[in-house]
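**Student:** According to our numbering, the sequence shown is numbered sequentially starting from 4.
Please note that the accuracy of each hint is not assured.
[What the hints assert, rightly or not] Calculated pairs, SDA-like style, for lysine to any residue (alpha carbon to alpha carbon, straight line, at most 25 Å): (1) K53 - R34; (2) K11 - R31; (3) K33 - V20; (4) K53 - G79; (5) K53 - V19; (6) K8 - Q46.
Simulated from the structure, these hints should not be mistaken for laboratory data.
Remember, it's a predicted structure, so these values are computed and weren't measured experimentally.
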Amino acid sequence: TYNFKIIKINHRRGNVVVSRRALLEETRDKRRQSTLSTLSEGQLIEGTVKNITDYGAFLDLGGIDGLLHITDISWGRVGHP
4 TYNFKIIKIN
14 HRRGNVVVSR
24 RALLEETRDK
34 RRQSTLSTLS
44 EGQLIEGTVK
54 NITDYGAFLD
64 LGGIDGLLHI
74 TDISWGRVGH
84 P
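Whenever a hint applies, use it, and build me the whole structure from the sequences.
**Tutor:** Below, the structure is given as structure tokens:
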């Protein structure tokens, strides 16, 4: 089963418009605000790698995307992340 957000109800026609995406966006925004309120410089956090490019890796930090630049991945030279 899935949860949905009711977008519109038309009682005359008996229609109900629902959206899963609207619910997911709401949840993501709440999660993002929660993460932003707890972040501070120097803090150690865990993230999940979402994408790797030539210049670094994009991370999911709990609703917020972060960029880990290639120069910050290792002390030594990194040929390709």
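**Student:** Work down the list of hints and note, for each, if the structure agrees.
**Tutor:** Hints and how they fare:
Taking the CA atoms of K53 and R34, the gap is near 17 Å; set against the 25 Å cutoff, the hint holds. In summary, the hint linking K11 to R31 is supported, as the alpha carbons are separated by about 21 Å, within the 25 Å threshold. Between K33 and V20 the CA atoms are separated by roughly 23 Å; this keeps the pair inside 25 Å, and the hint holds. The suggested pairing of K53 with G79 holds, with an alpha-carbon distance near 23 Å, which does not exceed 25 Å.
For a cut-off of 25 Å, the pair hint linking K53 to V19 is broken: about 35 Å separates their Cα positions. About 35 Å separates the Cα atoms of K8 and Q46, which puts this hinted pair outside 25 Å; it is violated.
The structure does not agree with the numbered hints 5 and 6 stated previously, though it agrees with the rest.
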